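S.K.: Heads up: the protein sequence lines correspond to chains A and B, in order.
Using the working numbering, the letters of the first sequence correspond one by one to residues 1 to 204.
Using the working numbering, the letters of the second sequence correspond one by one to residues 1 to 368.
Some hints here could point you the wrong way.
Using 27 Å as the maximum straight-line C-alpha spacing, the simulated DSS-like pairs for lysine-lysine come out as follows [to be verified]:
#1 A:K17 to B:K312
#2 B:K156 to A:K162
#3 B:K156 to A:K163
#4 B:K159 to A:K162
#5 B:K350 to B:K327
Part of the chain A face toward chain B, derived, beta carbon under 7 Å [unchecked claim]:
#6 I117
#7 T155
#8 F158
#9 Y159
#10 K162
#11 A166
For the record, the hints were derived by calculation from the structure and aren't laboratory data.
Computed from a predicted structure; not experimentally measured.
Where is the CB? At the ideal position from N, CA and C, for every residue including glycine.
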Amino acid sequence: MKYPSETIENSINEISKLPGIGKKTALRLSLHILKKEKEYSKNLADSIINLKEKTRFCEECHVISDEELCRNCNNENINIQKNKICIVEDTPDVIAIQNTNQYNGLFHVLSGLISPINGVGPDNLNIDSLIRRLEKNKEIEEVIFALSPNLEGDTTTFYISKKLSALNLKITTIARGVPIGGEIEYADEVTLGRSIITRINYKG
Amino acid sequence: MYLEKIELKNFKNYESENINFSDKINFITGENGSGKTNLLDAIYYLSFTKSAFNKIDENNIKNDTNFFSIRGNYKVDKKSISIDCKYKKNEKKIILFNDSPYEKISLHLGKIPAIIIAPNDSDLIRNSSYYRRRFFDLIISQIEQDYLQGIIRYNKIIKSRNLVLQKFKKKKYVDRNEIEHYDDLLIKLNHYIRNKRSEYLIEFKKKFFEIYNSITKEKHEIEILYKSKVEKSIENDVYKKFLEYDILTEKTNFGIHKDDYLFYINNKPIKTFASQGQQKSFIISLKMSEYYIISKKLSLNPLMMLDDIFDKLDNKRIKDLMRFIKKKIRGQIFITDALNDRLEIFNSKKYNINLIKIKNGQINYDKK
Ligand SMILES: Nc1ncnc2c1ncn2[C@@H]1O[C@H](COP(=O)(O)OP(=O)(O)OP(=O)(O)O)[C@@H](O)[C@H]1O
Ligand SMILES: [Mg+2]
Ligand SMILES: [Zn+2]
C-alpha cells in the first residue's frame, strides 16, 4: 500500500503489529488519533511506554506490579485474608478471580504450566518460590489451585501438591463450573465466582 | 446420506472443477495419472480432514499454487449439509461444517462416515501393527467421538511422558512426581481403550466371517485375534514397575499403543501363508465388515470409495464382485477404473451408473 506521508506509514506499521489488527484498522486508528487533541495522543503514548518501563513482576507472588511488591503483597490492603493462597497460571487469572469479588486471599503466579511438549518443566515455573513462601508464611492454611482443567493444568496441580505434602496444608481446587477446555480467563465472572466458593478437597 | 456435489480448487492435479454425483453408483474413468484417485482423496478429505495417501497437507496443494480448497454438498435425511476443507501453506487447516468452524478439527470425524478400498490397503496385512490399530481405531472413532478423544489424549500423554523420561536420562535424576500423574491417567485410558477394542472386535468378527465365506468358494478357517499386553484388570503399579526400563529406553513400553491384531488363515499368519487373491478377499472382507458395522451403529450408509478394485481380476470375477457390491452396499458408491470398457461387462443400464470421465484433472462432459 502507498501512503502520502511517511509519518502515517510508520504509525500504521507499528499499530498493525498488534495482534488482530490489520493495515486497514491501523489506518483508521491512526487517523482517529490525528483528529484528537495533542493530550490524547500523548497520554496514549505515555501509557504504552510505562507498560514496559514501569512494570515488573512482584517479588513475592510474580504478578505484574509497579513496585517490588504488588498491591496484594505490600500489606497496605488490610482486607486481604492471609490464610489462603490461590495458585494461578498467569496475571490475567489473578485479575479474573479478583473481579469475581468472591475471593480476597493471596495469589501466586506460576508463569506457565508443566508441559513437556512445549518444553516447560517444573524448573521453568515459580514453584521453588512458592514453597519458600509457604514455609516462611505460617499464617497460610489453605492452598487453592485454580489452573486450567486440561492435561497441563492437572499435571501441574498434581506435581505441586506432591511437593507440598510435607507442609500439612489444606489443598483444594476450584470446582470446575468452568466449562471444559475453557481457560479460566474466559470463564464468566458468575461461574468463576461460584467455583471459587465451592472448592473441592484435592486428592492426588 | 450422499454427496451431491464437490468443488475443487488447486487440489492435487485439479485447478478448478465442480463435479455432480449420483446418489447411487458413480463410475470414474480416465487414463493413468488423470486424477481418479485424487478425486476420491478429495472426498476422503471431507470425511477425515486428511488425505488417505499423503498425510502432509502441503503436498496436496497443486504445484506452483499456495492453497487448496474442497467443498462438498451433502444430503443427509433430505437435509442439506456443506463441508469445507481449506488449507493454505503455513497456515492452520480450516474445516467448516455448514460454514462454521469447529472448536477442534477432530470433532468432525464421524459426521460424514466413509470407507475407501484402495491398493495401499495391503499395508493392513504386510505392514506394521500401526496400520491395523489405525484401521480398527477409525471404525470405532467414526462411531464414538469419545473414543477418538480418548486416543488423542492417550497419545498426547505418551508423548509428554516420553519427553520426561528422556529428560530423566539426560539429566541423570528421577522425580516420580513429574510422571506419576501421567501414569494414573494412562492406566484409566488403557483400560477404556482396551475394552472398546475388544468389544468392537467381537461384533466385527461375527460379520467378518460371514462376509469372507460369502465371497470365497473355498472353505478356509480364518481368525482375527486382538493381542494386547493390557489385561482386563490393570495393576495400579504397572508403570512404576517398568519405570527403570522406560528411562533406559527413553520411551513408554507398556500400553495400548503396542497392541496388534493378528490375522490367520488355516491357523497360520496370513502375511506369509496366503496367496495374493486370498489376501485380497481378506482385505475386502475387512472393509465390507467396516461398512456393515458403521451403517448399523449409525443407522446410515457411509460413502463407499472403491479405487482400482477390478485391477487384475478376470471378467467373471468382476461381474461377481459387482453383483456383490450392488447387493451389499445400499448407499452411494464411487468406483474408479482406468478402462471404461469394463463398464460394458456389467451393462451400465442395469446398474444405473453415472459415468464421470476425467482427463488431466478436468471433467470431460460428453453426451452419454
Ligand atoms: N500436488 C500436486 N500438484 C499437481 N499434480 C499432482 C499433485 N499431486 C499429484 N499430482 C498428479 O496427479 C496425478 C495422479 O493422479 P491420480 O493418482 O488421481 O491418477 P489416477 O487417475 O488415479 O491414475 P491411475 O489410473 O494410475 O491410478 C499424477 O500425474 C500426479 O503427478
Ligand atoms: Mg489411481
Ligand atoms: Zn504480589
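S.K.: Would you mind marking each hint as holding or not holding in the structure?
M.R.: Evaluation of the provided hints:
1. A:K17 to B:K312: violated, 60 Å
2. B:K156 to A:K162: holds, 22 Å
3. B:K156 to A:K163: holds, 24 Å
4. B:K159 to A:K162: Holds - the C-alpha atoms of K162 (chain A) and K159 (chain B) are around 22 Å apart, at most 27 Å.
5. B:K350 to B:K327: holds, 13 Å
6. I117: With a minimum Cβ separation of about 6 Å from chain B (threshold 7 Å), the hint on I117 (chain A) holds.
7. T155: holds, 5 Å
8. F158: Given a least distance of 4 Å, the restraint on F158 (chain A) holds.
9. Y159: Holds - the Cβ of Y159 (chain A) comes within 7 Å of chain B, reaching about 5 Å at its closest.
10. K162: Hint on K162 (chain A): holds, closest Cβ of chain B at ~4 Å, below 7 Å.
11. A166: violated, 12 Å
The structure does not agree with the numbered hints 1, 11 stated previously, though it agrees with the rest.
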